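Novice: Residues per chain are reported as follows:
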Amino acid sequence: MWNDIIFAVSSVATFANVLAMSAGILAGVVIGAIPGMTGTMAVTLALPFTFYMQPVTSILLLVALYKGSTYGASISAILIKTPGTASAACTILDGWPLARQGKAGKALNMALVSSCIGDFISNISLIFLAAPLALLALRVGPAEYFMLMAFALCMVASISGNSLLMGIVSACLGLLLATVGEDIYGSYRFAMTEDMKGGLSIAPVLIGLFALPELIRMIVFRDGPQGKAMKLGDNHLTLAEFKGSFKSIVRGSFIGVVLGAIPGIGPSAAAFFSYGEARRSSPNRDNFGKGELEGIAASESANNGCCGSTMIPLLALGVPGDVITGVMLGAFMIQGLTPGPLLFQNNLNEVYMLFVGMIFSSVLLFIAGKLTARYFSRIAAIPQVVLGPVVLMLCIYGIYAISSNTFDVTILLIMGAVGFVMLLLDIPAAPFLIAFILGPMFEDNLRRALAISRGDLAIFFQSPISWLFAVLIVFFLAYTVRWELQKLRQKRAES
Amino acid sequence: MINKNVIRAVLITLFFGLVHFVLIPLHVPRPSFIPGFAPPPDMWPRVVSLLGLGIGLFSIATSVLESRQGVSHDLTASLPVRVSKGAVVRLGAVVLVFAGFAILLPLLGFLGSSVLLALATFLLTGGFRYRTLAVLLALFLPVALQLFFANVMYTPFPAGSWGVLPTLR
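Going down the list, the protein sequences come from chains S and G. Take 2 as the starting number for the first sequence in the numbering used here and just add one per residue. Take 10 as the starting number for the second sequence in the numbering used here and just add one per residue.
Incorrect hints may appear among the rest.
To be verified - Heads up, incomplete: computed chain G residues facing chain S, CB under 7 Å, no partners named:
| # | residue |
| --- | --- |
| 1 | Ile21 |
| 2 | Ala47 |
| 3 | Trp53 |
| 4 | Arg55 |
| 5 | Ile64 |
| 6 | Val103 |
| 7 | Phe107 |
| 8 | Ala127 |
| 9 | Thr134 |
| 10 | Tyr139 |
| 11 | Leu154 |
| 12 | Met162 |
To be verified - Distance ranges between label pairs, derived from CB positions:
| # | chain 1 | residue 1 | chain 2 | residue 2 | range |
| --- | --- | --- | --- | --- | --- |
| 13 | S | Met193 | G | Gly26 | 52 to 58 Å |
| 14 | S | Val475 | G | Arg77 | 28 to 34 Å |
| 15 | S | Arg490 | G | Gly135 | 40 to 46 Å |
| 16 | G | Met52 | S | Thr15 | 31 to 37 Å |
| 17 | G | Ile112 | S | Val259 | 33 to 39 Å |
| 18 | G | Phe67 | S | Met334 | 34 to 40 Å |
| 19 | G | Met52 | S | Lys492 | 52 to 58 Å |
Calculated directly from the structure, the hints in this document are not laboratory data. Fair warning: this is a prediction, and the values are worked out from it, not measured in the lab. We put the CB at the ideal spot given by N, CA and C, even for glycine.
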């Protein structure tokens with residue numbers, strides 16, 4: 002094992018890898034700091050550029066973008082009271098009051114330190130948990146895999162958006178779209194044109210669904226002008242202030258690790274949960290919401306604490322838990338690697354390189370955060386109206402570069418329109434994408450299991466693993482339905 | 010006021026109904042011989058579309074009941090601003106611009122059509138304060154991207170049948 006790690010360190014410490022990680026972190030911080038630009042957008046836009054890179058370099062670039070953008074989102078949250086992504090919404094609660102008190106630099110420093118610690122703990126958890134989980138996954142058959150994917154889809158459908166039913170509708174749309182093209186037995190389905198016989202590629206569907214609807218929304222509803230960025234002011238984070246928040250940082254990091262590893266939950270829920278816990282247990286609880294550094298530490302350590310752990314189900318089981326890991330699954334596939342238990346058997350060197358690279362990137366995140374601190378106000382003030390069309394150009398050229406096929410560009414634009422309609426109708430896009438990516442595996446495992454059992458559905462309830470996932474599915478669905486009924490009753494009472 | 014939930018439920022039902030009753034029979038052929046106990050290729054799309062159809066019908070029933078009980082769901086409730094006439098016009102313009110790009114692509118080539126698309130999008134976003142920067146970006150960004158992908162990744166970009174702009178290399 003140590004030989005493998007030494008080999009991985011020497012393989013990762015190449016100019017190309019360090020450049021990819023540094024560029025990814027820096028670009029991620031900048032993109033995350035621009036309101037309206039999300040980490041998902043950063044990772045999806047970079048996907049076409051990774052096509053000709055080495056497999057590990059390309060994944061490290063995407064991971065670096067993810068980490069950078071998760072931290073970067075806190076910059077606009079603190080400086081202009083607009084979170085770069087939903088996961089930074091909690092950071093506003095104390096970040097903005099601190100900025101108004103002339104302590105924006107102190108708040109940003111706390112966000113950076115907590116993000117780096119959360120990220121580091123998350124990476125370590127990934128290293129220790131992914132391999133044993135993959136070993137366990139080697140023992141499961143198609144029926145158990147089907148139940149696992151059903152669980153992942155139910156989680157994503159029940160947590161994304163405001164309604165469980167709309168989450169399931171979104172997943173159904175994704176599953177249907179995934180059936181386009183040739184199936185495992187060679188039949189063509191919904192192949193209305195010659196181009197559709199090969200199925201729809203992941204890249205145009207996901208980029209169209211996640212990058213373009215924002216641009217269309219920007220054009221159609223024309224947001225008001227952005228807020229003016231605050232100055233950095235007091236920049237120094239004292240050791241006493243860090244020590245005072247240390248407990249919340251560690252607790253937030255572990256909350257991020259646990260919630261990040263469960264498909265569908267992700268950084269936003271982790272940040273709010275961690276913030277709530279910090280507020281409940283802190284001696285300074287009365288100062289929360291008025292400019293408390295511990296609040297920033299709790300939310301930022303939790304949202305970055307998810308960065309490594311979201312990779313656990315992806316690497317060990319081949320199941321993406323959120324949109325960003327869904328994009329990364331696409332990147333793995335483009336590079337000819339298949340995430341899942343076999344990755345640990347067939348591509349162990351690449352796995353170790355990825356682990357080492359992720360730890361390197363935690364250090365790079367700290368350096369990039371420190372170096373770019375003085376430019377934060379300018380980054381957060383970049384106008385969205387100029388960026389939107391730039392994003393569109395990057396999407397179109399990127400998609401064409403992957404396949405050299407104008408059909409994919411058309412799919413990109415159509416999916417942009419579909420994504421906008423979904424936004425308008427309040428149908429969440431995340432279940433659509435996860436279902437589209439998991440769809441072929443989901444169906445293959447279902448058909449294989451039914452072929453093995455000669456059509457007997459009891460095969461899905463024969464092993465303890467299947468039962469575990471079945472119980473979890475019923476529990477989470479029942480919990481979501483109960484919560485939605487409570488919301489409905491409240492709404493009725495109000496109206 | 011438009012009840013968003015009713016419209017949404019009807020659209021969902023219509024879509025999955027169309028898939029189940031029209032598209033699957035037309036575009037998912039069942040082979041005459043299926044080996045062993047393998048489920049047919051239309052089994053999965055039928056299951057998924059039936060599930061979607063069921064949710065659509067259930068949503069129609071619940072949203073009609075809700076609207077009778079006075080729980081309102083404004084179409085624009087989840088949006089930052091209310092839908093205005095200008096917004097509808099701009100949405101139409103976006104559709105036209107995207108369709109125009111797809112039509113002009115084989116005629117003008119990738120570079121020409123993407124420059125036009127970038128200019129049109131800058132115009133639609135309404136950032137007239139930054140017009141100089143916007144025009145410069147619309148002209149130079151497609152050129153830079155085409156040069157990058159053509160030289161670094163050897164992507165062959167279509168020149169277009171009209172041959173207005175040369176293929177950059």
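Novice: Could you tell me which of the hints above the structure violates, numbers in ascending order?
Specialist: Per hint list: 4, 13, 16, 17, 19 violated.
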